[in-house]
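Put chains B, C and D on the given structure of chain A with help from the hints.
Residue numbers (this note's numbering), protein chains in the order written: chain A, 5 to 501; chain B, -13 to 667; chain C, 9 to 321; chain D, -19 to 201.
Hints are computed from structural coordinates only; laboratory data are not their basis.
Just so you know, even glycine gets a beta-carbon here, dropped at the ideal spot from N, CA and C.
There's no promise every hint is true.
What the hints assert, rightly or not - One-sided and incomplete, this derived list gives chain B residues near chain C with beta-carbon spacing under 10 Å:
(1) Lys449
(2) Thr554
(3) Leu562
(4) Glu564
(5) Glu567
To be verified - Below 27 Å or equal to it, Euclidean Cα-Cα: the simulated BS3-like pairs (lysine-lysine) are:
(6) Lys309(A) to Lys370(B)
(7) Lys144(B) to Lys454(A)
(8) Lys443(A) to Lys144(B)
(9) Lys95(B) to Lys454(A)
(10) Lys449(B) to Lys370(B)
(11) Lys454(A) to Lys375(A)
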Amino acid sequence: MDSLLSNITILSLLLTPLVGGILVTIFRKKKIIEIVTISSASLILIQVFFILSTIIHEKTITAFGNAFYIDSFGAVILLPISIVGFVSVLYSKNYMGRQYDIGLVDDKHIVRYYQGLSIFLLSMLVVPITNNLGVMWVTVEATTLVSVLLIMLYFKENAIEAAWKYLIIATVGLSFALIGTVFFYYANITAGSSEDAMNWTGMVHNSKLFDPNLVKIAFVFILVGYGTKAGLAPMHTWLPDAHSEAPTPVSALLSGVLLNCALYGIIRFHIVSSGTLGHAFSDQLLIILAVVSIGIAAASIYFQKDMKRMLAYSSVEHMGLVSLGIGFGGMFGIYGAILQIINHAIAKPLMFFASGTVSQKYETKVMSKIKGIIKVMPVTGALFLIGGFALVGMPPFNIFLSEFLVLSSGFQSGQFLVTMIVIAFLVITFAVFLRHLIKMVFGNPVVEMKQDDMGKLAVIPMAILASLVIIFGFYIPDQLQTLVHNASNIINGGSII
Amino acid sequence: MIENLILFQIVISLFLGGALLGLVSRNGRFARPMIFIPSMMGSVLTVLFSIGVIMTKSLSWTVPNMLPFFKLEIFVDGISAFFMLMIGLVSFAISLYSLGYTKEYESKKRISVFGFLFNVFILSMILVAGSNNGFFFLMFWELMSLTSFFLVIYDHDKEENVKSGITYLVMTHFGTALIFVSFLLGYLQTGSFGFDSFRTSSPSFPLLVKNLMFVSAFVGFGTKAGIVPLHTWLPKAHPVAPSNVSALMSAVMIKMGIYGIIRTVFDFAGFGASPDYSWWGVLLIIAGSASALIGILYAVIERDIKRALAFSSIENIGIIIIGLGLSIIFASYHLTALSVLALVASMYHTINHAFFKGLLFMGAGSVVYATGTKDMEKLGGLVKKMPWTSLLFLVGAVSIAGLPPFNGFVSEWLGLQAILSSSQIPSTVLQLSIAFASLPFALTIGLAAAAFVRLFAMTFLSKTRDIHMPHIQEVPRNMIAGMAILASACILFGIVPFLGISLLSTAFHLPSQPSSPFDAIALKNNDSTSFANLSMPLVAIMLSAVALAVFGFIRILGGKTSKTIYGTWDCGFGKLNERMEYTAASLSHPIRVIFKSLFKPHNVISKELFVQTNPYMVKSIKLHSTTKNIFEENLYNPIISSTLFVLDKIRKIQTGKINSYLLYIMLTIILLLIFVRSSHA
Amino acid sequence: MPSSPEIILGIIQALILMALSPLVTGIMRKTKARTQKRVGFSIFQPYYDMIKLVRKDEVVSDQSSWIFRCTPWVNFATIGTATFFIPVFLSHSPFGLVGDLILVIGLFGLARFFTMLAGLDVSSTFGGIGSSREMMTSALLEPALFLAIFVVALTYGGTNLSTLVEAASNSPLLPHPQLIFAAIAMFVIILGETGRLPFGNHATHLELTMMHEAMVLEYSGKSLALMDWSQSIKQIILFTLIANIFVPWGISSSISAVPLGLGLLAFMIKISIFAVSIAFLESSIAKWRLFRIPDLISVAIASSLIGLVLYYL
Amino acid sequence: METIQLDILTISGAILLIATFGVIARRGFMDWLNAYRLQSVVLSAVTAIVGYVTGIWEIYIAAALTLVIKSLVIPKVLTYVTRSLEIEFKTETNPYLSLRASIIVSALLVAMSYFLSQQIPFKSDPVVNVYLPVSMAQFFLGLFALVNRRTALSQVVGLLIIENGLFLFTLVLTHGVSLIIEIGIFADILVGIVISSILLFRMSRTFDSLDVDKLENLRDD
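So that you can see chain A by itself, here it is in the shape it has in the complex:
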C-alpha cells in the first residue's frame, strides 16, 4: 500500500469518530445523534475490516512518516474495538432510549453521552495504531478521563464513588506506566538510538542493546502501570466499581476493549523486554499477576450480589488468562492469549448487554432479586446463558479454545504447579459463576412480569455477538487464523517454536 493511501486510511479512520463527535455536538437532537453515531461506528467497522484485509496481505501499514504503524498484533486489537464499538453504539440507542423514557437522563445527558462515546472510541482507536509509545500512554490516559466522564453521567452516589476511585487509581497506575515508558525510552537513548527512540519500531529494533537492569525496573513499572488499567490483581480494585456503575454500553466497552488496550501496552513492552532479557523475566512476572488475578476473581465471584460486578470480576479473570498465556509463552500460549483477547471482547459485551437489559426489566442489579429470566425474556435469557457458558470456558463456545490453548501451554512450558492451580481456580470459577447465572435465568420471577424482550435493538447486538461466540467456538476463518498467527509471531519475537 503506498503511503498516500495508508495516510488517507488512517486519517479517515481517526476522523470518523471525531467528525461523529462534532456532529453530535452540533445537532443535539436525540434521533439525529443516534443515527450519526451508529453510522460513524459502522463506518469504523468497515474501515477496520479494510485495514485488516490489508494487514493480512501486507503484514504492516505505516502512515504519516513513522507516526502510525499497524502490524498484525495491532490489528488484532483493532478488530474488537471496532466490533464492540459498533454493537455498543447500536445497543446504546435502545438502552439510553429507555433511560431517557423513564426520565433517568435528559437531552443534555444524551448529548454528553454520545460525545463521550465518540471520543472514547477515538482514543481507543489510536492506541493500537500509534507507533509512538508516549502517544500510546497519552491516549490510554485519555480513555481514563473520557470513561470517567461517561461513568459519572448520572451523578448517582455510587457512580460518583466509582468514578472517583477509577480516576484516582487509574491515574496513579498510569503514572507508573509513564515512568516505565520513559525508562524504556532512556534505555533506548543510552543504547544509542536517537531518531525514533520513543517509537515502538525503533525500540524493538534496538532492544538487544538495552541495559538489562534498567529494563527490569522499567518493565516492573510498565506492568504495574498498565496492569492497573488492564485490571490485573491486585491493582484491579477500581474495575468492579467502574464496570458496574457505568451505563451498560460503556461497561461493555470498558471491559471488552479498554482492558485489551491496556494489556496491549503491557505486551508491547513485554516484547521489548524479551528482546533484552529473554522472555523468562517478564514471563515470570506476568504469570504471578495472572495467577493472583484468577484466584481473586474466583473468590470474589462467589460472594457477589451484583450482577455487573460479577461480570467485572470475570473480566479480571480473563485478563489474568491472557497474561497467563503470554507468560507461558510458546505458540499455544501466545496464540491462545490473543484468541482470548478477541473472544473475551466478544463474549463479555454480550453478557453486559444482556445484564443491562435484564436490570432494566427487573429494575435491579441484585442477583437474588432476579429470577426466571428465561420466562420473562426468553431470547435475552437464552443469549445470557450462551454468553455465561462461553465466559466460563464451556464448549462449543469460543473461549474454550483459547483457555485450552493457554492451559496446554502451561504444561508445555513446564509450569505444572501453576497450571494445576489455575485449573483448580477455573473449576471454582465455573461453579460459582454458573451458580449465580443459572439461578437468575431459571426459576420463577418474584413478581409477575409481562413477557417482553425489551425491543429488537436490544436483542440484535446481542444476537450478533452470540452468533460470533458460537461460530468462533468451532470455526475460525482462515484470514483470522493467519492474522492471529502473525500476531503471535510478533509477540514471540519472530521465532515460533
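Same frame as chain A, now just chains B, C and D:
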C-alpha cells in the same frame, strides 16, 4: 470404507437436522414428529453404521482447517463402534418413546428447545465415541454435559431441580478438568493432542506419566460414570430430568465414562503387560466394589422410583468397573484368555445395562406420565391398570436383578467366573484380595434382587397406596413400543448370548469367537476339563419344557378345577384397606436396620393427642424416618465449606476504601522492585 | 455331544430328585414328630397332601394380578430346571454342558424373585412380612453362598457340577482342610435357603416365625401344591449338593447298572441321614430373633473366608 | 558543568523535596496549595535550567506551560471549586498515620527512591543524578499522601504531586521527549483536574462531605 463415511455424515446431518427442525418448530401436531423422527432415523443409521464398521473396517475421517492447531479427526474403530451401536439402539427406542412421552410437555412449555437439545445430546455422544483428538473429544464431551444439563433442568420451575442440575454440571466439569489434565500429560509427551500419537507413543511414556494419566483420567471419567464417591450428582440429576432424558443419561451417557476409561487404559496411558500396572486394576476393583455396594444399598431404601434407579446405575457401573479392573489385572500378568473373559463380562454388562436401565427409566417415565408421581409410597396397583408397562418393567427388573434367562444373568455369570479365575494370578495378595472383593460383588447381586422386588412390587402390585390418585390409564402405544424394543433386546441378549459375545469379540478383536448361536459359553481348566459351561438357549428351552411338562402333569393329576375370586385373608377383620399394606419403607426396614452404620437412620416420632394432658389417648402417631448421606456430610460439605472459608478471606481485600486500594498498588510495586533487585544478574 | 444313554440318565436323575423331594420333607417331619414324642404323619403324607391339593378348587384374592397366578408355574419351572444340573448318583450329568452351579443359584433366585412378588401382590400384610424378611436373608445369603462356592470351585476346578462332583469323588477322603470350612458355611446357608430353624419355622403360621409360609399364605389348590413341591425340590437339591460335594461316597462315575444302583442307594442313605440330622437339629434349637440372623450368616461368611485363606496359603 | 550550576541543582532539588514534605506535614488545604504552587514554580525554574543546559527550545515552552498551568491555573481552579466548601472539608483531620509517623515513612520512601536510583546505571549526568531521586521521591510521597489521607481534596493534591514528580522525571531523563507528548501530558492533567473538580463538587453536594470514608458503598464484604 467410503460407504461408512457417507453413512456417518448422514447420521450427523440427520441429528443436526432434527435439532434445527426442533428449533424452528412450534408446538403443534407436527412438532413431535419433526423432532423425533430425524433422531429415530439417525439412530437406526447409527446402528447400521456401527455394525458396518464392526464387520468391515475402521473409519477415519479428518476435517481440517476448522480451528487452528486442531483438526476434527474422526476415528471409529470397533470399540467406538460398539459404543455407538449401544447409543443407536437405545436412542432409537427412547426417541420412539419420547414421541408419546413429551406430549405432556406440550401444554406447559416449548417442545422445540427440548427437541434441539435432545438431538444435539445424542449427536454429541456419538461424536464423543468417534473423536480422535483430545481437543474435540473434550469439546464434544462438554457439549454432551451441557445439553444433558439443560435437559435435566428442563422442568426448571422447581428450584430444587435447578439446584440438582447445578450439582451435576459442576461435578461433571470437575471431571472434565481431570480428563483434560490426563490429555495434557499425553500432550506433554507427544506434543500433540491427537489420539493417534498417544496411541503410537504411549508405550514409551515414563511409568510415572502413565500412572498419572491413568489416575486423572479414571477420576475424571469416573465422575461421569458415577463412581463412588464421585456419584453424588447422579441420584440428584436423574430423578429431576424428564424420564426419557434420564433413560438416555443412565443408559448411555454414563457409559461414555466407561468408554473413556477403556480408551485411556488400553490406548493412551500405555498400559503394558507387566505387574507394574496391576494396581490400576486393584484401584478399579476397589472403586467398583464400593460403587456397586453403596449404590445398591441406597437403591434398596429409596422411595423415589427414579432415584432408586439412579442408585442402581451406580451399582451397575460398579460391576462394570470391577470387570474392567479384573481384565487389567489379568492382562498385566499375561493371562490373556482371562483378561478377555473379564473384558467381555464388563462390556456385556455395559450393553446390558444400557438396555435394561433404558427400559426401566422409560417404565418409570410411563408411571410418572400416568400417575404424576415418582413416590413409591403413593403408588401401587398399576399392574391392573397398566398391564403392558408393568410386564415390560418386570422384564427390566428381572434382567437387572441378574436372573436367568435374561441378559443381566449372563454378564454377571461371566463376571463371577472371572472372579473365580483369579486363582490363576501368580500373586497371593491379589488372589486373596480379589477373593475378598467377591464378597461385596455377591452381596450386591443379592441386594439388587431385593431392590427390584421392592421397586416393582411397590409400584405395580397390590392396591394403590394414595387413595387420591386420579384415573390411571395405560400409556400410548409408541411409548410401549419404545420399551418393548429394549425389553426384547434384554430377552434376546439373555437367551442368545452368542449375539452379544460375537459382537464384542468382533468389535474388540478378541482372539476367541463363538461359532454358532447354540454353542455354550465354555470355560476350560488347564487339564481341559470343563470349568464351567453355560448355554442359555438350552436353559430357555428347558425352562419352557419343564413348565409345559408340569402343567400337563398337574392337569392330568388333578383334572380341571375352578377358581373363586375372593377377598384377601384378613383374619376376619373385614376392613383391609390401602393404609394397612406393607409400605416401601417397611419392606426395606430390615436392611436399613442391618446397615444402620451406613444409613444412620434417624427417627422422629410425633404424636397427636386427643387431650394434651393424657398421653395414652393418641389421635395419631407419625414416624418420620430419615437417612443421612454420609458422602455429602463427611466428604463434600467439609471440602466445600473450607474452600468457601478461604475464598471468603480472599475476597475481603475489596474493602471499599480507596486508600487500601492505593496501598495495594504501592505494595505491589515495592515488592516487585524488591523481587527485581533480588534477581539482578 | 453326550450320548443318548447319558441324556436319559440325566433326565432320570432329575425325575428322581423331583419324585423324592416330598419324601425328604416327610422324613423330616416324621423325625421331628418323633423327637417331640409324637407319632407323626406317615413319611408319605406330603404326597397325599399334594394329590389332595391338586384336585381342589382354588380361592384367589381379588387383589391379586397375573403375577400371583403365574408364580407357582414359574417357581416350579425354574426349580425343576435346576434339578437337571445336579449329579445324583452319576457323577457327571450331561446337562453340565448347559449350566453350572451359578446357574442353579440364579434359577433359585428367579423363583425367589417371583415368590416375593407374589407375597406382595395380594396386599396382605403377611405377604409383606414374608417378602421383607426373605429380601433381607436372601440378600445376605448370596455372598456367603458365593464364597462357599468359591472355595469349592477353586478346590475342585470349576463351577460345572459334573466336574466338581467327579473331582470330589476321585479325591481321597477330605484331603482339603478348606472344604471343612466351606461345608460349615454351606450348612448354614442351606438352613437359611430352606427357611429352617433358626431362620424360620416351617411348622407354624405365626407372624413371628414365618418367612416362606407368609409369602405363600394366599395360595390354595393346585398353586399351593406347586409351591410346596417346588420348595421341597429346592430343599432336596441343596441336600444333594452338600452330600455329593462334601461326602461324595458311593457316587457312580460310569454308566453301568451296578455302580449306578449302588450310587442311587448311597444317595438315598446320605440324603436320609442328612434330613434326619437336620430335623434333629431343628428340634433342639429355637428360632432366632430376626436381627440376629446376620450374625449367623456372618459365621458362614467368616468360615468360607477362612477356607479361602487356607486354600491360598 | 560548573559548581555553581551543580549547587543550583542541589538546592532546587532540596526545595522541591521540602515543598513535598510540606504537603505531608500540613493539615490545611491552603497550605498544600501553597506548597504545590511553590513546587511548581521551582519546577518551572528547573525546567528552564534544563532547557538552558541542553539548549532545546521546546523545553522553554514546557517551562512556560508549567509556570502558567501549574502555578496559576490549577490552584485557581481548585480555589474556585472549593470556595463554597466549608472549612472542615478542607482540613485533613484524621489521616491513617499520624503526622509524625507519616514523616518517618516519607523519609523511608525518600531513602528508597535514592536506593532505587542507584540501581539504575546512568551516564554521569549530574542533572539526572540529582533530580532522578528527587522525582522518584516526589512520586512516592505523592502516592503515600494518597494512601494516607482521607479527604478527597488531599488526594487531589497527592495526585498533583505525583504528576509533578512525573514531569520532573520525564524531563531529566529525556530532556524533553517531544513537544506533542508533553502537551498531551499537560492536557491530560488539566482535564484530569477539571474532572476531579467536577467530582469534588458533586461529592460535596451528594454526600455532604469530602471524606473518602463516605465512598465505601461499593465493596465486597
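Going down the list of hints, with the structure as the test:
Annotation: Lys449(B) was flagged as interfacial toward chain C, and the flag holds, the nearest CB pair being 5 Å apart, inside 10 Å. Because the smallest distance between the Cβ of Thr554(B) and any Cβ of chain C comes to about 4 Å, under 10 Å, the interface hint for this residue holds. Of the supplied interface hints, the one on Leu562(B) holds, with its beta-carbon coming within about 7 Å of a beta-carbon of chain C, less than 10 Å. For the restraint placing Glu564(B) at the interface with chain C, the shortest Cβ-Cβ distance is roughly 8 Å, inside the 10 Å limit, so the hint holds.
A cut of 10 Å between beta carbons decides the hint on Glu567(B): the least distance to chain C is about 5 Å, and the hint holds. A threshold of 27 Å between alpha carbons decides the hint, and for Lys309(A) with Lys370(B) the separation of about 54 Å lies outside it, so the pair is violated. Between Lys144(B) and Lys454(A) the CA atoms are separated by roughly 20 Å; this keeps the pair inside 27 Å, and the hint holds. With a C-alpha separation of about 11 Å, the suggested pair Lys443(A) and Lys144(B) falls inside the 27 Å cut-off, and the hint holds.
For a cut-off of 27 Å, the pair hint linking Lys95(B) to Lys454(A) stands: about 16 Å separates their Cα positions. Between Lys449(B) and Lys370(B) the alpha-carbon distance is near 10 Å, which keeps this suggested pair within the 27 Å criterion. In summary, the hint linking Lys454(A) to Lys375(A) is supported, as the alpha carbons are separated by about 14 Å, within the 27 Å threshold.
Hint compliance for this structure: hint 6 alone is broken.
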